[in-house]
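Peer 1: Here is what each chain is made of, one letter per residue.
Protein chains: 2
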Amino acid sequence: MIQLNYKDPRPIYEQVMDSLRRLVVSGVMKPDEKLPSVRELATSLTINPNTIQRAYRELETEGYIYTVSGRGSFVSPKDYVKDIYKESLLETFGKTVSELFALGENPETLTKQMQTLYGKETISHDSDQ
Amino acid sequence: MIQLNYKDPRPIYEQVMDSLRRLVVSGVMKPDEKLPSVRELATSLTINPNTIQRAYRELETEGYIYTVSGRGSFVSPKDYVKDIYKESLLETFGKTVSELFALGENPETLTKQMQTLYGKETISHDSDQ
DNA sequence: TAACTGTATTAACACATATAATACACTTAA
DNA sequence: TTAAGTGTATTATATGTGTTAATACAGTTA
Numbered sequence: 001m002i003q004l005n006y007k008d009p010r011p012i013y014e015q016v017m018d019s020l021r022r023l024v025v026s027g028v029m030k031p032d033e034k035l036p037s038v039r040e041l042a043t044s045l046t047i048n049p050n051t052i053q054r055a056y057r058e059l060e061t062e063g064y065i066y067t068v069s070g071r072g073s074f075v076s077p078k079d080y081v082k083d084i085y086k087e088s089l090l091e092t093f094g095k096t097v098s099e100l101f102a103l104g105e106n107p108e109t110l111t112k113q114m115q116t117l118y119g120k121e122t123i124s125h126d127s128d129q
Numbered sequence: 130m131i132q133l134n135y136k137d138p139r140p141i142y143e144q145v146m147d148s149l150r151r152l153v154v155s156g157v158m159k160p161d162e163k164l165p166s167v168r169e170l171a172t173s174l175t176i177n178p179n180t181i182q183r184a185y186r187e188l189e190t191e192g193y194i195y196t197v198s199g200r201g202s203f204v205s206p207k208d209y210v211k212d213i214y215k216e217s218l219l220e221t222f223g224k225t226v227s228e229l230f231a232l233g234e235n236p237e238t239l240t241k242q243m244q245t246l247y248g249k250e251t252i253s254h255d256s257d258q
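Protein chains in written order, with my numbering: chain Y, 1 to 129; chain X, 130 to 258.
Just so you know, these hints were derived from the structure itself, not from any lab. Accuracy of the hints is not assured; some may be wrong.
[Said to hold, decoys possible] From the derived model, a few chain X residues whose C-beta atoms are all more than 10 Å from chain Y: (1) K211; (2) L229; (3) P236; (4) M243; (5) K249.
[What the hints assert, rightly or not] Mimicking DSS-like on lysine-lysine, the simulated pairs with C-alpha atoms at most 30 Å apart in a straight line are: (6) X:K224 with X:K207; (7) Y:K30 with Y:K112; (8) X:K249 with Y:K7; (9) X:K207 with Y:K82; (10) X:K207 with Y:K120; (11) Y:K34 with Y:K95; (12) Y:K112 with X:K136; (13) X:K224 with X:K136; (14) X:K224 with Y:K78; (15) X:K163 with X:K224; (16) X:K207 with Y:K7; (17) X:K249 with X:K207; (18) Y:K78 with Y:K120; (19) Y:K7 with X:K241; (20) Y:K30 with Y:K120; (21) Y:K95 with X:K249; (22) X:K211 with Y:K82; (23) Y:K86 with X:K207; (24) Y:K95 with Y:K120; (25) X:K136 with Y:K120.
[Claimed, not checked] Chain Y is nowhere near these chain X residues, computed Cβ spacing over 12 Å in every case: (26) K159; (27) L164; (28) N177; (29) E189; (30) Y195; (31) P206; (32) L232; (33) Q244.
Beta carbons are placed, not taken as given, at the ideal position from N, Cα and C, and that holds for glycine.
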């Protein structure tokens, strides 16, 4: 469910956050579904519980999960989670596009590039891969 | 010319790299133009020469600048510099757009967003701001 | 009550960042 | 040739972050 990459320069707790964020946003994990307990996930990834605790704490701060004392951590309501994630992606999108324009790129080229990627996205529904 | 932000969690040498990369790519610094010496830039930013040295070393590895022993560091040829920077931006662009599509965003919305940003970019030429 | 939750604390270690103080080889101009 | 300016390398030190480790505590649930 979660893959750690020790060649990745990013800290482990960030990699865990990324994985969980994606699982939550993509809908693989449903709203109000219980996440594995801190100790459980730490054991299965062979890392320290404190590291998982930190990932959970920061994911809660970002709004992707919520915690009930003594019961566990759970996935936040779907709409909210998608919204905050999309917002962060759109911010990156804006910054990147602005820089590309500043370097002389024009909207037409980027639109074409986008349509190619959109093709791949939709075609994949009919593919058996 | 270069602004350091100590609230920024990124290391100083990366902030210096970012600033110089932008100056080089945007054309503010011309090809074969001499960069300030390691000691000179360190003094003007009130940081350690070793930190600047690291920024220069890594910028050379990335191809943005080149060094002549005993003479100094210089801006790489323009086309090459723009190419490698654009390539990295386009990679970010592709990843971001793919994720947005996966979340149900469609090309039309993003294209509109892009055109808004392109407007701002071109209008600024006529503005007196 | 026992076993599970999240949370907090303290200590120890590794690593990256940054500073500091030198030293060396090369280039350039006086 | 010499002096001053280049980049580069080395060693030591301090600091902060990431991670592990060992506990401890309060709330929940069966």
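Peer 1: Take the hints in turn and mark each one as holding or not.
Peer 2: Do the hints match the structure? See the list:
Its beta-carbon lying about 6 Å from the closest one in chain Y, K211 of chain X breaks the requirement of being farther than 10 Å from that chain. Not every beta carbon of chain Y lies more than 10 Å from that of L229 of chain X, the smallest distance being close to 5 Å; the non-interface claim is violated. Residue-level check failed: P236 of chain X sits 5 Å from the nearest beta carbon of chain Y, not beyond 10 Å. The non-interface label for M243 of chain X is inconsistent with chain Y: the shortest C-beta to C-beta separation is roughly 5 Å, within 10 Å.
The Cβ of K249 of chain X does not lie farther than 10 Å from every Cβ of chain Y; its closest approach is about 8 Å, which violates its non-interface assignment. Annotation: proposed proximity of K224 of chain X to K207 of chain X holds, straight-line Cα distance about 26 Å (limit 30 Å). Straight-line distance between C-alpha atoms of K30 of chain Y and K112 of chain Y comes to about 34 Å, which puts the hinted pair past the 30 Å bound. In summary, the hint linking K249 of chain X to K7 of chain Y is not supported, as the alpha carbons are separated by about 40 Å, beyond the 30 Å threshold.
Between K207 of chain X and K82 of chain Y the CA atoms are separated by roughly 41 Å; this puts the pair beyond 30 Å, and the hint is violated. Simply put, K207 of chain X and K120 of chain Y have alpha-carbon atoms about 34 Å apart, too far for the 30 Å limit, and the pair is violated. Straight-line distance between C-alpha atoms of K34 of chain Y and K95 of chain Y comes to about 35 Å, which puts the hinted pair past the 30 Å bound. For a cut-off of 30 Å, the pair hint linking K112 of chain Y to K136 of chain X is broken: about 38 Å separates their Cα positions.
As the CA atoms of K224 of chain X and K136 of chain X are separated by approximately 28 Å, the hinted pair is consistent with the 30 Å bound. A distance of roughly 23 Å separates the Cα atoms of K224 of chain X and K78 of chain Y; the hinted pair therefore holds under the 30 Å criterion. Note on K163 of chain X and K224 of chain X: the hinted pairing is violated, with a Cα-Cα distance of about 35 Å set against a maximum of 30 Å. Annotation: proposed proximity of K207 of chain X to K7 of chain Y is violated, straight-line Cα distance about 33 Å (limit 30 Å).
For the hint linking K249 of chain X to K207 of chain X, the alpha-carbon distance of about 25 Å falls within 30 Å, and the restraint holds. For the suggested pair K78 of chain Y and K120 of chain Y, the alpha carbons sit about 26 Å apart, so the restraint of at most 30 Å is met. Taking the CA atoms of K7 of chain Y and K241 of chain X, the gap is near 39 Å; set against the 30 Å cutoff, the hint is violated. Taking the CA atoms of K30 of chain Y and K120 of chain Y, the gap is near 26 Å; set against the 30 Å cutoff, the hint holds.
Under the criterion of a C-alpha separation no larger than 30 Å, the hint pairing K95 of chain Y with K249 of chain X is consistent with the structure, at around 13 Å. Between K211 of chain X and K82 of chain Y, the direct Cα distance comes to roughly 35 Å. Violation of the 30 Å bound is thereby established for this hinted pair. With a C-alpha separation of about 35 Å, the suggested pair K86 of chain Y and K207 of chain X falls outside the 30 Å cut-off, and the hint is violated. Between K95 of chain Y and K120 of chain Y the alpha-carbon distance is near 24 Å, which keeps this suggested pair within the 30 Å criterion.
As the CA atoms of K136 of chain X and K120 of chain Y are separated by approximately 40 Å, the hinted pair breaks the 30 Å bound. In this structure K159 of chain X is separated from chain Y by more than 12 Å, as the shortest Cβ-Cβ distance comes to about 16 Å. Non-interface status of L164 of chain X relative to chain Y is upheld: no Cβ of that chain comes within 12 Å, the nearest being about 21 Å off. Listed as outside the interface, N177 of chain X is consistent with that label: its C-beta sits roughly 23 Å from the nearest C-beta of chain Y, beyond the 12 Å cut-off.
Every C-beta of chain Y lies more than 12 Å from that of E189 of chain X, the closest at about 20 Å, which supports listing it as non-interface. In this structure Y195 of chain X is separated from chain Y by more than 12 Å, as the shortest Cβ-Cβ distance comes to about 21 Å. Once the 12 Å rule is applied to beta carbons, P206 of chain X is consistent with being away from chain Y; the minimum gap is 16 Å. Distance check for L232 of chain X against chain Y: the nearest CB is about 6 Å away, which does not clear 12 Å, and the non-interface claim fails.
With a closest Cβ-Cβ approach of about 6 Å to chain Y, Q244 of chain X is found to fall inside the 12 Å limit, against its non-interface label.
The structure fails to meet hints 1, 2, 3, 4, 5, 7, 8, 9, 10, 11, 12, 15, 16, 19, 22, 23, 25, 32 and 33 from the earlier list, while all remaining hints are met.
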